Amino acid sequence: MTNKLIGAKVFVRRDEGTEHKAELLLERLRKGKVEFYVHYEGWNKRLDEWIDETRLNLNRPVEFPKKKEPEKDSKDKKRKTPGGSQSATATPAPEAESTDVTDVGEAEPQFDPKQEIERLRTSGSMVQNHSEVARVRNINKVVFGGYEIEPWYFSPYPQELSEEDEIYICEFSLQYFGSKFRFERFRQKYTLRHPPGNEIYRDEKFSFYEIDGRLQRTWCRNLCLLSKLFLDHKTLYYDVDPFLFYCMCTRDEYGHHLVGYFSKEKECAEGYNVACILSLPPYQRFGYGKVLIDFSYNLSKIEGKLGSPEKPLSDLGLISYRSYWSDILIELLVEGGKPDTTIEELSAQTAFTSADIMHTLQAHSMIRYYRGQHVICLTSAAIERYEKKKAKKAHRIDPTKLKWKPPVFTPAQLRFAW
Amino acid sequence: MGGNSNGHVHAAGSDAAIAAAARFRQRKVSLKQNLRIVWQKDVPDIEDDANRDVVGVETGVEKHEEEEHHLQAVLNAYTVSLNSKKAPEVYIPTPKAATGWPEYNKFYKANWSQPTTYIRQSATVEDASGCPYNMDEDDLEYLEGLNKGASDNRLKCSQDEFEMIVYLFESTVKTQQPFLTTDPSQLMEYKDLEQIILTKIDSEEKDPNSLNRLLIQTKSSVYTQKYHPSPYRTVAASFKTFGSRIYQHWKQRKIARKGKEITPALKFESGSQEDENDPYVCFRHREVRQTRKTRRTDQQSSERLRKLQAEMQQAKHLFEMVARREQLRLQNIQCDWDVFEQRCKVKVLKRKLNIAGDDEDFITPKRKREERRLPPTATTAGTPSAAPATKKDEKLARPVPPAVVGREPPTAYVKAATNKIPDLDMHTLEQALQEKDAALRAEVKNRLRERAEQDLGWVNYTDSPYVPYSDYFDPKRSRFERDQKVKLDRHQSIYSCLESPYPCSTSSRLKLPLASSLGRQYISRRAESPPEVIWGRMGKSGSMEPLRKIQDGEIPPMSGLSVPRYSAVQYRKRLDRGGVVFLDRRNLSRKPKELDTPKNAEEERLVDRFLFDNDSTVDTIDDWCSEPARLNGLSEETQSIRFGSMLIGKSYEQFHEVQLQHQQHVLHMQQKLAARKEAVVAAAQAAANQKPTNPKDGAAGGSHLNGTASSGNSSSSATRSATPSGRSAGDKKGVRLPGWSSSTTFTGQLNGRSSSGDDSDNKKSIGSLGISSRPPPKVETSV
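Quick mapping for you: the protein sequence lines, in order, are chains A and B. The first sequence: position 372 = 372 (UniProt numbering), numbered continuously. The second sequence: position 766 = 766 (UniProt numbering), numbered continuously.
Bound-form chain A, shown alone (with noise of 0.2 Å):
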């Protein structure tokens, strides 16, 4: 009967006392009771759980999967984790939706994992949304620093480690670990208390570092493999070396503790100037997102570029890159006391692309038609929002003790294969 289910969506009994309809991905046996790995509709892949089999309810109607595609399915068969037996309808619920919307239809369905490779390898990038991806989490548990946390998406530690009950990582070599002795050694040996770059920023609260994927190529593997718990569309495929990474870290009598980091290629031919950005889940909620996009923007400016964070962007990057656009275009216009401005000329104080300050003052409807002519109309929502930020006084990234030049690589530095 179980077998049977999989695939299927059903109601689930959440632990708020609602229910809610989900798909059954997996299935496994633990301690003699079934579990399913559930993914619940509508809603993000990191909510996805185990859940017991008695919660699920099959007093409500069970809507099984339409007819499997019998290639598609041969595929997912190779590309499930060991933990799924049993091979699961690849095909998310999301993407049956898509085709609601009408000139969406014809890309979306055909989609070709070569041609998503090849994207990869001419790009360059990390977070193009990699067909491989399994869907399962396979860490239950991470011991990172002195916070457990857990995981919200794949990642391709070792297979071994997905066997543990929890993985120990190693919060200044970000080296992962299954067994706790094994880290216990580890540590007693370990010399460093700050991640093994240059720092080249630093105030009463943050350091910055600057890490170069190709020199400390196992540090910053580690830290790919530790963000991709926490990011859905980072992609492992490729190597690190492309990439710089700035790591955000807050200091104590421990050593400099990893907060967050946003990568960044050393060559960027869209002009993206960060192509993952995550602070980590136990820091997550108090603005330190904020600081990093701020930190990736003074870059930026030191450049003379203007940047924009590498698309797909995640629900959460989303929310944070437009506070963020949002506080500082506002306080610009606020503060600036100018009577009249251009969008070139916000963009050249901001470093925001022109495209990202239209998309913000539109999603602020700021932008109005008044009398003939546009206008930017400061809203009373947003001088509310301005006031609040001034009240909350956020942390802002002081140029002033930003040591860093952009770095400069030569072709040959540039050419990753090896």
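Since the hints were derived computationally from the structure, they do not count as laboratory data. Watch out, some of these pointers could steer you wrong.
What the hints assert, rightly or not - Here are the computed lysine-lysine pairs in the DSS-like style, where the Cα-Cα straight-line distance is at most 25 Å:
1. B:Lys174 with B:Lys258
2. A:Lys338 with B:Lys32
3. A:Lys141 with B:Lys96
4. B:Lys251 with A:Lys180
Bear in mind the structure is a predicted one, so any value in this text is a computation, not a measurement.
For this one, chain A is given, so just place chain B on it according to the hints.
Relative to the frame of chain A, chain B by itself:
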């Protein structure tokens, strides 16, 4: 996918825009368009079209995710807030995170101190984490079993040792059997492994250049951490002791792991097809289109690599040498220390036994010898050498048995001079001064030589030389000598051309060799020669006449090349028969004289006769300042302008001063001479009457001297007639004076330094006369 979805978003966005445009006006805003900034409260009539605007905003989020419930909730909350309504704070829920881990302090130590500067660091994770193998619980269990029998810690296998041995196994097998995973049963036997590993260890330890060896010697913590886990055993010994036993354990694990590494490792691409679809395979190499390379670039790059390698090796070698040197130094210092300690003991013993023998004297000379060798060591390794000194001080402060007191201080004194103090201080000051002086000198010389070389091929016709004479060049010489130098310089160097009586000014007659020879002269005089090098003059024939010792043949044979010179006033002292001293004076002759052209014997004789009689001529500055003008055929006007400008130069002023001084001096001398004149003249006349002149003459100067010998009928006749004999006297002395015109004589002896003065009586007067040679003294022909 991203691109695709972006496309869709765009499509969706433009759809919305089109829809909007249909209902409202055109929305496009140019980037360069000036946009007025208005406050909503100021323009109440602005339409509230918030809802409409949000529609078309591109999010950059993947399409299907964009529609996720929680994101939409947040975005909606946003829109709601835009409309100034209170919206609930909405968050996107995330899995629970960040519960504090209770064991944190067990694994992390709170002993980090923050550096004040920004951290710069290049060590990798591997560099900083010691032995790459970390033992796990299974290993621990095994190890405890292994150590059970051993009572003493020394006999136990430490965890570090265990890890090192397993790492040796792992790394060796990885290189020896890279495809072990295909058949784990093929795992190497212990014997083979042991042999490989021991040879490796051995070669590393024996190779004097190996990093390990250096690390061993320096007792570096890096080494102990990474390569030398046991304080009791060498690496090889550890391996021999425990290797075979641990091998069994390791082999079990290895086979259980199916030949894979015991520590779980990331999955990299293996080259098989399945890689593509394996989500665990990560960090693939990026394939890049091979750029076409020409053979030349290949060659270049390989050459560059070779060069680089050589450089690196050199650097490595250097480091090794430095390391070895430091070790030797350390040994040296240690030795010194030992010796010192031994001595201290001896001293204490002696005190105890009240021996007041001179054993210390026996020690000190030994010590001294050491000291001489030591200083460099002592200076670099300051602290250890300083230590004995302080110790000794303590000892001095201590009450000393009276018997020894007498001896102690001198010993202490000698000892106080240990290592640091002795040679260095005394020498350095002196040397430093000398060096500084020498450097200055060399610099000045160099400058002068450079300048001269630049001027090679040019003849200086200006009145004012660009380098005025200055005493500075020879600070060592006495005042008197300097005066001499002034005179000589004027004769022989920079003024030479200027004073030349010959019309050699036209360029056509100025040949390059001549010029270059001048240049050389210049160099040898001004720049290089110490004062005593050369004193010579240009003979009429144009050759150089050395009057005194020439050093090292500095003057090349230049006959026929040089320009003859003519000085303001010249003197010659002769010693005639009967001890009569003649002093010949030659005045400035302004008539250009042709070389070797005795046109008319009569004329010549006439000229000759009046040569020394022209007392009215007084050489003043103006005289020889105006001379170049005449030489160059310049008008008086031009010359005066030149002169005027020259006056401006400081150099001239200095010169002028010197000139004045000399004139005064000369006047003074003249007065003196005048007082003595009478007596001298009387004596000279008496002598001259007794001994008539010798008509025979040296062959050398014959042609120039025609008729001179007999033509003595003026007041200066004595002088002239004396010339030949003077020359013969010169000949006797072995100095040839071939180019001398009969009347122009100039003696080296004039300078007071000469020790070869013939007559001590006359020395004084001549010496004093010599000083005044340049400005013409109004001296009657003496003798």
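Structure-based check of each hint:
1. Note on Lys174 of chain B and Lys258 of chain B: the hinted pairing holds, with a Cα-Cα distance of about 13 Å set against a maximum of 25 Å.
2. Under the criterion of a C-alpha separation no larger than 25 Å, the hint pairing Lys338 of chain A with Lys32 of chain B is consistent with the structure, at around 16 Å.
3. For a cut-off of 25 Å, the pair hint linking Lys141 of chain A to Lys96 of chain B stands: about 11 Å separates their Cα positions.
4. About 22 Å separates the Cα atoms of Lys251 of chain B and Lys180 of chain A, which keeps this hinted pair within 25 Å; it holds.
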